[in-house]
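Chains R, L and E, in that order, give the protein sequences.
Under my numbering, the first residue of the first sequence carries the number 1, and numbering increases by one thereafter.
Under my numbering, the first residue of the second sequence carries the number 1, and numbering increases by one thereafter.
Under my numbering, the first residue of the third sequence carries the number 1, and numbering increases by one thereafter.
For the record, the hints were derived by calculation from the structure and aren't laboratory data.
Bear in mind that the values here come from a model prediction, so they are computed numbers and not experimental data.
Treat the hints loosely; a few may be bogus.
Identical copies look the same in the list; a pair holds intra-copy or inter-copy alike.
Calculated pairs, DSS-like style, for lysine-lysine (alpha carbon to alpha carbon, straight line, at most 25 Å) [said to hold, decoys possible]:
1) Lys209 with Lys198
2) Lys56 with Lys151
3) Lys151 with Lys84
4) Lys56 with Lys84
Given next are the chains, with one letter for each unit.
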Amino acid sequence: MSIITLLTDFGPGKYVAALKGVILSIDPQAKIVDIEHRVSPQGVLEGAFVLASAVKYFPFAIHVAVVDPGVGTRRRSLVMECRKGTLVGPDNGLLLPAARVLGLRRAFSIDRREYCLPEVSDTFHGRDVFAPVAAHLGLGISPSSVGSRVKNPVDLDFGVYEVSKEEVRARILFRDHFGNLVTNLPEQALPSWISFGKIVELEIEENYKLPFLTTYASRDSGEPLLTISSDGFLEIAVNRGDASEILNAEPGDDFTLKRA
Amino acid sequence: MSIITLLTDFGPGKYVAALKGVILSIDPQAKIVDIEHRVSPQGVLEGAFVLASAVKYFPFAIHVAVVDPGVGTRRRSLVMECRKGTLVGPDNGLLLPAARVLGLRRAFSIDRREYCLPEVSDTFHGRDVFAPVAAHLGLGISPSSVGSRVKNPVDLDFGVYEVSKEEVRARILFRDHFGNLVTNLPEQALPSWISFGKIVELEIEENYKLPFLTTYASRDSGEPLLTISSDGFLEIAVNRGDASEILNAEPGDDFTLKRA
Amino acid sequence: MSIITLLTDFGPGKYVAALKGVILSIDPQAKIVDIEHRVSPQGVLEGAFVLASAVKYFPFAIHVAVVDPGVGTRRRSLVMECRKGTLVGPDNGLLLPAARVLGLRRAFSIDRREYCLPEVSDTFHGRDVFAPVAAHLGLGISPSSVGSRVKNPVDLDFGVYEVSKEEVRARILFRDHFGNLVTNLPEQALPSWISFGKIVELEIEENYKLPFLTTYASRDSGEPLLTISSDGFLEIAVNRGDASEILNAEPGDDFTLKRA
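Using the sequences and the hints given, assemble the complete structure.
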C-alpha cells in the first residue's frame with residue numbers, strides 16, 4: 001500500500017477531490033494524505049517551504065505538489081527520486097527544497113504520456129499529469145520510466161539572509177494559523193548575540209525590543225517574542241496572540257534584527 | 001473495501017466527523033474521501049454542480065451528498081443506483097446532475113428504517129440516514145432494499161442558458177478558490193463566433209472586451225479572459241488574479257456575451 | 001488496523017500533516033480521521049465540547065486532541081483509557097468531557113519518553129508526544145505503559161447554568177458553520193415551561209420572543225427559534241439564516257431565557 005501526499009493552492013474542494021479520484025481509479029488501495037491546500041494562490045515559495053517542512057515526518061511516500069502558475073506553458077513536469085520519498089510536480093522551484101530534505105538522487109521530466117490521463121488539458125496538470133503519474137509510481141513504476149533525466153531543475157530556495165556581528169537581515173516566509181511568523185533564517189545561522197534569554201531589537205514596520213525565548217508561555221499574554229519554530233527557523237510570535245496582526249507583518253516582508 | 005465520498009454544506013468539523021464515525025462504526029474498512037464541505041449553506045444548485053463535476057474522476061464509489069434545507073420536512077431521501085456509482089442524499093435536485101454523469105439506472109426512496117440509525121432526528125439526516133445507508137451499501141446491500149422505487153426525482157439541472165447568432169445569456173454557477181467563475185454554459189453549446197483567439201464582449205456589472213483563450217498564461221497578469229473550465233464549461237478568469245473580485249461577480253449572477 | 005482521530009486548533013495544514021506523518025511512520029496501516037482543526041486558537045472549552053460531541057459516533061478509536069496553550073510548561077500529558085476508546089492530549093480540561101462520554105476507566109501521565117519522538121520540543125507536543133504515543137497505542141501498547149496513574153485530571157466541564165421556575169441562565173459554547181449557536185444547557189435540564197410549541201423570551205444583547213421548535217423549517221426564513229441541537233443541547237438558530245450574525249451573539253456569551 002502506497003502513501004501519497006497532496007499539497008496544492010487549490011483550496012480544499014472539488015479540484016483536490018479530482019486528484020483523489022484519479023489516484024484511486026488507478027490504485028484503489030492508495031492511502032492519500034492532505035498536507036496543505038491553502039497555499040496562497042500561485043505562492044510557489046510558500047508552497048516550497050510548507051512542503052519541505054512537512055515531508056520529513058513521513059515514511060517513504062509519493063509527494064504530489066501543485067502550485068503551478070505556469071501550467072500550459074513550456075515549464076517542465078518533474079519526478080524527483082529521493083532517498084526517503086518521491087516528489088511529483090511542476091519544475092518551478094516548488095519541489096527542490098523538499099528534495100534536499102529527502103535526499104535528492106535524480107530528477108526526470110515527464111515527457112512520456114503513458115502514465116498521464118488520455119487527454120492532458122492546458123489548465124489542470126495536477127489532475128491530468130501529476131496525480132496519475134503519482135499513482136503509477138505508488139504501484140511501482142520506476143521514476144526513470146516517465147521521461148528523460150533533468151540535471152538543472154529550477155531552484156528558488158527560500159531567499160537570502162545576511163548575518164553580521166551587529167545585524168541580521170532576513171525575510172518572513174510563512175504565517176501559521178495562530179499568526180506566528182516563520183522566517184527564512186535557520187537556527188544554525190543565528191549569531192552568538194541572539195541566544196536564549198537575550199533581548200534584541202526588531203525593525204519591521206515599527207521597532208520592537210523582544211526577548212529570544214524557548215517557549216511562548218515564558219512571555220506575558222499579548223507580548224511579542226522571538227523563538228525557534230518547530231521546523232528549526234527563527235520565528236516571531238506573540239504569546240496567546242496573533243503576531244501577524246499585532247506587528248502588522250506578513251509573508252514576504254523583510255526585517256532587521258539588531259543588538260539591543 | 002468500499003470508497004465513500006462526502007459532499008456537504010456543513011463546513012469541515014464535527015458534523016462531518018459524525019458522518020465518518022457512523023460510517024466507520026458500520027464498516028471500519030471503508031475508505032472515506034472528502035469532496036467538499038464548504039458548499040454555501042443550503043446552496044443546492046452549487047452543491048449539485050460540484051458533485052456532478054467531481055464524481056466522474058472516481059472509480060465505483062458510494063457518493064453521499066448533504067445540502068438539505070428541507071431536512072425534517074416531507075422531502076424524500078434517495079438512493080440513486082447508477083452504472084458507475086451510487087448516490088445517497090435528499091431528493092431536492094442535489095443528486096440528479098451527478099446521477100446523469102454516472103449513468104442513472106434507478107432511484108429509490110429510503111422508506112425503511114432498517115439501515116438508518118435507531119433514532120432518526122428531524123435535523124440531521126446526514127448522520128442518521130445517509131451515512132449509515134451509504135455504509136450498508138458499501139457492505140453490499142442492494143439499492144432496492146432501502147425502499148420503494150422513485151420515478152420522478154426533483155430536477156433542478158443547472159438553470160437555463162440562451163445562445164443565438166449575436167448573443168449568449170447564461171449564469172455563473174461556481175467560484176473557485178482562485179476567484180475563477182465557472183458558468184452553466186457547456187463547451188458544446190458555444191456558438192461559432194466564440195472560438196479560441198476571438199474577442200467577445202461581456203456584459204455583467206460593467207462591460208468588458210475579453211479574448212477567448214486556451215490558457216490563463218496567454219493573457220497579461222491581472223487581465224480578464226474567457227476559457228473552458230477543467231469541467232468543460234465556459235469560465236470567466238483573470239490571469240494570476242481574482243475574477244470574482246475584479247469583475248465584481250459571483251455565483252448566481254447572470255451575464256450576456258456579444259460579438260465584439 | 002487502528003482508527004486514530006485528530007482534533008486541534010492548528011488550522012488544517014503542515015502542523016496537522018506533521019502529526020499524520022509521525023503516526024504513519026510508526027503505523028503505516030493506521031486509519032486517520034480529522035475531527036476538527038479550526039478550534040479557536042487556544043479555545044480549550046470549545047475544543048472539549050467538539051471532542052465530546054464527536055467521539056460518541058466512532059467505533060473504538062484513539063482520539064488525539066491538541067489545544068494546548070500551556071505547552072512547554074509543567075502541565076501533564078495524558079492518556080485516558082475509556083471503555084469505548086482512548087484519549088491522548090494535554091491535561092488542561094480538553095479531554096475529560098469526552099472521557100465521560102466514552103466511559104473513563106483510568107488516566108495516566110505520559111512520564112516515560114519511550115513512545116515519544118527522540119527529541120521532544122518545548123513548542124510542539126502534538127508532534128513529539130501525542131501523535132507517536134497514539135500510534136503506539138494503536139499498535140497495542142497498554143495505556144498504563146506510558147507512565148504513572150493520574151487521579152485528578154483537570155476538569156473544566158462546560159461551565160455552569162441555572163434553571164428556575166421563571167428563568168434560565170446559560171452560556172453559548174459553540175457556533176457552527178451555519179451560525180447556529182449551541183449552548184451548555186442539556187435537553188434534560190430544560191424546565192417544563194420550555195417545551196415544544198411554547199414561546200420564550202431570550203435576553204442576550206437585545207430581547208427576542210422565540211418559539212421552541214423541533215425543526216428549523218417550522219419557522220419562516222430569517223426568523224429566530226430555539227431547538228435542540230443534534231448533540232442534545234439547547235440551540236439558538238435562525239431558519240435559513242445565521243443566528244450568530246442576526247442576534248449578534250457568539251461562543252462565550254451568557255444569555256437568559258424567561259417565560260414569555
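Okay, the hints, checked on the actual structure:
1. Lys209 with Lys198: within (10 Å within a copy, 58 Å between copies)
2. Lys56 with Lys151: Within one copy only: 23 Å inside a chain, 37 Å across chains, cut-off 25 Å.
3. Lys151 with Lys84: within (19 Å within a copy, 43 Å between copies)
4. Lys56 with Lys84: within (8 Å within a copy, 33 Å between copies)
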